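Colleague: We have chain A; now place chains B, C and D onto it with these hints.
Protein chains in written order, with numbering that gives the first Met the number 0: chain A, 0 to 388; chain B, 0 to 388; chain C, 0 to 388; chain D, 0 to 388.
The hints are simulated quantities; they were obtained by calculation from the structure and are not laboratory data.
One or more hints might be untrue.
Treat identical chains as interchangeable: a pair holds within one or across any two.
Pairs of lysine-lysine residues, derived as DSS-like cross-links and limited to a Cα-Cα distance of at most 30 Å, are as follows [as the list claims (entries may be wrong)]: (1) K58 with K78; (2) K101 with K158; (3) K345 with K277; (4) K354 with K58; (5) K345 with K223; (6) K223 with K58; (7) K128 with K354.
A quick note: this is a predicted structure, and the numbers were derived from the prediction, not measured.
There are 4 protein chains.
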Amino acid sequence: MINGERTIQRPMRWGMVGGGRTGQVGYKHRTGALRDGTYQLLAGAFDLDAARGRDFGMKLGVAHDRCYTTYQDLIAGEKDREDGVDVVSVATPNFTHFEITKALLEAGIHVICEKPLFFTVDECEIVAKLAAEKNLIVGVTYGFTGHPLVHQMAAMVAKGVLGDIRIVDMQYTHGFNAGDDDSADAVAWRTNPATAGSTFVLGDIGTHLYYLSEVVLPHMKIEKLLCDRKAFIPSRAPLEDHATVLMHYDNGARGHLWVSSVNAGNMGSQRYRFVGSKASVEWSDAHPDQLVYQVQGEPESIMHHGMPYLENESLAADRMGALHTEGLGDSWSNIYLWIAQAIDAKFRGDETFLKTHHYPGIVAGTEGVRWLENCVRSADAGAAWVEYA
Amino acid sequence: MINGERTIQRPMRWGMVGGGRTGQVGYKHRTGALRDGTYQLLAGAFDLDAARGRDFGMKLGVAHDRCYTTYQDLIAGEKDREDGVDVVSVATPNFTHFEITKALLEAGIHVICEKPLFFTVDECEIVAKLAAEKNLIVGVTYGFTGHPLVHQMAAMVAKGVLGDIRIVDMQYTHGFNAGDDDSADAVAWRTNPATAGSTFVLGDIGTHLYYLSEVVLPHMKIEKLLCDRKAFIPSRAPLEDHATVLMHYDNGARGHLWVSSVNAGNMGSQRYRFVGSKASVEWSDAHPDQLVYQVQGEPESIMHHGMPYLENESLAADRMGALHTEGLGDSWSNIYLWIAQAIDAKFRGDETFLKTHHYPGIVAGTEGVRWLENCVRSADAGAAWVEYA
Amino acid sequence: MINGERTIQRPMRWGMVGGGRTGQVGYKHRTGALRDGTYQLLAGAFDLDAARGRDFGMKLGVAHDRCYTTYQDLIAGEKDREDGVDVVSVATPNFTHFEITKALLEAGIHVICEKPLFFTVDECEIVAKLAAEKNLIVGVTYGFTGHPLVHQMAAMVAKGVLGDIRIVDMQYTHGFNAGDDDSADAVAWRTNPATAGSTFVLGDIGTHLYYLSEVVLPHMKIEKLLCDRKAFIPSRAPLEDHATVLMHYDNGARGHLWVSSVNAGNMGSQRYRFVGSKASVEWSDAHPDQLVYQVQGEPESIMHHGMPYLENESLAADRMGALHTEGLGDSWSNIYLWIAQAIDAKFRGDETFLKTHHYPGIVAGTEGVRWLENCVRSADAGAAWVEYA
Amino acid sequence: MINGERTIQRPMRWGMVGGGRTGQVGYKHRTGALRDGTYQLLAGAFDLDAARGRDFGMKLGVAHDRCYTTYQDLIAGEKDREDGVDVVSVATPNFTHFEITKALLEAGIHVICEKPLFFTVDECEIVAKLAAEKNLIVGVTYGFTGHPLVHQMAAMVAKGVLGDIRIVDMQYTHGFNAGDDDSADAVAWRTNPATAGSTFVLGDIGTHLYYLSEVVLPHMKIEKLLCDRKAFIPSRAPLEDHATVLMHYDNGARGHLWVSSVNAGNMGSQRYRFVGSKASVEWSDAHPDQLVYQVQGEPESIMHHGMPYLENESLAADRMGALHTEGLGDSWSNIYLWIAQAIDAKFRGDETFLKTHHYPGIVAGTEGVRWLENCVRSADAGAAWVEYA
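This is chain A alone, in the form it adopts within the complex (with noise of 0.2 Å):
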């Protein structure tokens, strides 16, 4: 259980690209990193509007003139720093992600990027070259994986308590876009094919749904998959509002899923539920605290987080015990507790504890790509078969 107690050496210096005053996303990562003094926010590029943006960082406790208005005066102003910042979180709009990710690599300085990384797997694989050569961290705040109970299911997937998994079964769904008003920037940018790439719920929520199985079912390979998406605001193609995949694994499970921003009404719709031979597990982010367990042909049963019962992959991921609710924003901090221990093994020299070391870096990050481009694959092909590639 996490109780504060530093496992890092010093807390990260820390800086942002974007999460300025006018989007939703920058709390998240703030709220997620500043506990426990894991981070320490002291440098920013939050707004292209250097006025805002320089107000805004001052009232986060930011320096004057650790307060940049790009990211290229950023790393202009921290490099060469004694205290500059060891790590740059990036929350920007998706066609930003590489550029920014790329020099703040070439300048020395970890970073923590949001999904999906990049538009492409090619760019993925650059990145992760020139991470390597420059032994840095790559993370990508998939910041639902957080979660103690994700890790009760992959425990259990693990253990074979579920015996072989047969059917993979996800949605993500929410009707904000129901309505054809994409004027608000976060929408606008986001059905803009030029700044969010070849998807938008498909790479917006869908990369949540695949990273998270991934986490749970790390022994399986998708084969072949087939994805239909449309758009039901016109305006919005060639990308999509609605979508469903089919997969198909190499252990012969078979997948489905669905990804809408148009489901009219839907609130906190992201569920999983993993199917076995022997029994499924269910968990929906809605009610994060609580996972169904269902062995067939015995009462139904519902595992709750902090309960000494679970595995300890769980426990160790807890914040506030049993009977006491955990949210997004705890899930988020152990996604930034995992990173900033990456980074602080890199610091430390342990490639060894990066070997078995649970976060979601670059390899997570390019697999996300990957499973986006065979989706667009299959969707510009008629909603056709693909191999996986």
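Modeller: Frame of chain A; chains B, C and D shown alone:
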């Protein structure tokens, strides 16, 4: 609201073929029919085991001489009695539906048949023609569509409350066949193509999904469809114990559904969600008295059966009144009542009534089989898209 | 599992007093009784409005000459017929229960009466004595205790699965009387002491809580009790539309319950929780097919009706089988069946059967009235503790 | 919405007494405080075991020389430092709250203290007087009232959306003390009157119910009260592990609540229902992001945190935004923020701000203790009604 007052001229004189002591489905027919004096059980060929069938029939109150061994005997015994049965329910394995139905119709007896109706659309059309010639009703026991809130959804869709329908999301899964022991009678015939037809779960439970969606969305037609099916227990092949179906509708809507009998541990997961441009409704037969209604941007609302704010179509089908739960038996009672009203209209020669009277009849049965044929055609082509035909 | 096979010698010849077209409760009796050929509705004095009552009765299939205007007429007409009714249900306002029941018994007719049975324990004892003399059954329609999972709870308690019972937590509330318009017939008589007796919600809904707790906890007796009641709509005083009751049991357990008809907006809140030293069970009539079973320190478990892991007592009362919902009508059918079995045992002179046969009879009815008397005595003493008497 | 921008002049210099490695509550304080740069943890007397406390403090980032053994040492070490702590949190067993709080205030240090605040109202009044003289804040960690939807309920009540409040129904129960092993430290001191005061569960969890009801219903005062308490584990007597409390309010409303730590198997059962003449609201800390709002005669509605339809008071306290769960840590962060804003107002001499600023302070702490005193007085008089004093 239904209070038991007779809406037909006299109780139907009713017989059963199948539905004996060792099966599960017979009681659903009887508890559906034998309420409010809508039907009187007067004859039956309940069981292939003659002695057991007779003993059983007599314990149901059927006279000794009207407990028959075969459906042929039943027809022979009943057709010329002055008080012979008006209508017979067919609750036998799928492969016998066609011949029994045909024989009953030829003998001038109305029929109520289990789903899936027959093996092929061709058979359906033969029976439809015969029934028309004989001026007889063929009802189909899609037993879930008698629930009042199903008709609330239909009325809301018809009034445009949801806006344009965009997405259809359906599921009917359980885990009772997660293991590989198919020796029980009810499983053995369902997993054998000779007795079940060309599908297992698609026909056994998937047709419920399809028919209910037709009731709610009568204006929408499928244009193309893709069905991916699999037998996780290999001995069930070529039939399936798991399938996903994607559907494109003529109004541009997208549908997806999941059926399975290997969803280990899952209970009560018949779920329907109809998403419109303005709002969505969601209903599950596990809690049939509640309807979730969600308008984007407003608090979710939960409607309860029997409440005055519901549409008349829903209130008309209510039996227990608000606060008091209805179950599957009440839904079956409505189905049986609506079929009795159709037969009664035939007695009265009231074709006007029949033009607008809702009940699951030969058309519904035929469309269910058509949907199965399309699913199988797609699946057998390698889960390929097929034009709906 | 109940499949409709007759467990009695012949259907009961049945009549009703009350339960006419304008009331809500009549159909619950009829849908409970008229299933499986357990009862045949042959006579009735359904309505104080003679014409309406006759028209209604005939629409229920009752012969013209057996549709009576008053219960006196019914008794006069039926008592000497060879095919006269065996048993009559009394579904009239409370103040008439005693005189009608007495008259029926005196005429040699078995009785099934609505709750609360009578106004006083003295009346109950008079009737109990009369019924014993006449060798007749008095059943009481505590309609919720036919649900199979109620008997699962009872069996688990009896086997010691919960350990020593410590806490009883019960609630039956709704909001249908939150407003102050009591003019509807069904409300008017319930809020008038002359017609309702000394309580409104305590008798109308609270007795269901008390009786169900007796079924589950037959070994526990109340030692003292405190009842705090109030009429939020002043015109209902001295009757109450809200009450809380605290109870001390002879085994040291503590109970508390809440009844109200002004719990604005509340639907389906009949809830029971029985807490033992080892585990607890929780059940609600809103989802009668589920039973929550919680062992301290283990995952919660949810049991579903009809599943093989349940106790025989529960499975014996099941009608629809696992996966298929049961509703209040199914519960009433069990109550009516169990009462029919009791009457049938009287026919057969089988007192041995009656010694262990479970059904809500005159003792249950008497104890319900006793509980009300104690509640009123406490409330009228200023919500003071009273020794249970 | 809270996004981390500083609303106070500078982070509070913060220390802790108690909350060490072996306890559970310390991390709730730290994760609540150490977010958004609201507090900096600079000193602590975390543990009576000096070495363990120092090791722990240093792992929290506290300097070696500011890890103290006793609160007296902490005061001595901090009071004259220029950078000495502004405020200290007291997270120790109940019996030490009074002396530590008094000593801190006398040293000119603001205090944040666990509930129940002290043993007696007299002690509360001594401290209130001292705090007033010293111009210092005393905050109380009623940690559940930072949830945004608590303030939605308060705003709805204040606007009259529910009509006149009639019924208050509250529950906080769990089963972690269903067994009789009280040897764990956290249980041992809570079940001993010398260290816990005159109550166990009433003070430990019941005060949360009482305070939250005050936040939602500030206009209602208790006139009389009855408390029935019991120790199901006899060694806990005269303290209680179970209690029910009935309350009569000055506006005629009725309240009842249940607290227990022997509710075997129960998880997450902190529940509140406020019933008005027009509508009701219901909220549980187990799913703090949802608020059930029920208007009699309309569909139920479920409100979700962070949605624009909520009142400003609720949205102002939101951290994660709609769709994204908040947990108990987020609620604690709000409580700590609001207390910091109160202290900051003291720094600024802004008594006007303090007049309307909401936070749980000395008055809330005092009223909690007063409620406990009344409960104990009633319970000790044999669960008798007492005038609230």
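Colleague: It remains to establish, for every hint, whether it holds in the given structure.
Modeller: Here's how the hints hold up against the structure:
In this assembly of identical chains, the alpha carbons of K58 and K78 lie at most 30 Å apart whether taken from the same copy (23 Å) or from different copies (29 Å). In this homomeric assembly, K101 and K158 never come within 30 Å of each other (Cα to Cα): the closest approach is 39 Å inside a single copy and 54 Å across copies. Taking identical chains as interchangeable, the C-alpha atoms of K345 and K277 are never at most 30 Å apart, the minima being 41 Å within one chain and 50 Å between chains. Proximity of K354 to K58 under the C-alpha cut-off of 30 Å is restricted to the inter-copy arrangement: shortest distance 25 Å between copies versus 39 Å within a copy.
Taking CA atoms no more than 30 Å apart as the test, K345 paired with K223 passes in neither setting, with 36 Å inside one copy and 54 Å between copies. Neither within a single protomer nor between protomers do K223 and K58 lie at most 30 Å apart by alpha-carbon distance, with minima of 49 Å and 49 Å respectively. In this assembly of identical chains, the alpha carbons of K128 and K354 lie at most 30 Å apart only when taken from the same copy (17 Å versus 60 Å across copies).
When the structure is compared with the earlier hints, violations turn up for hints 2, 3, 5 and 6 and for no others.
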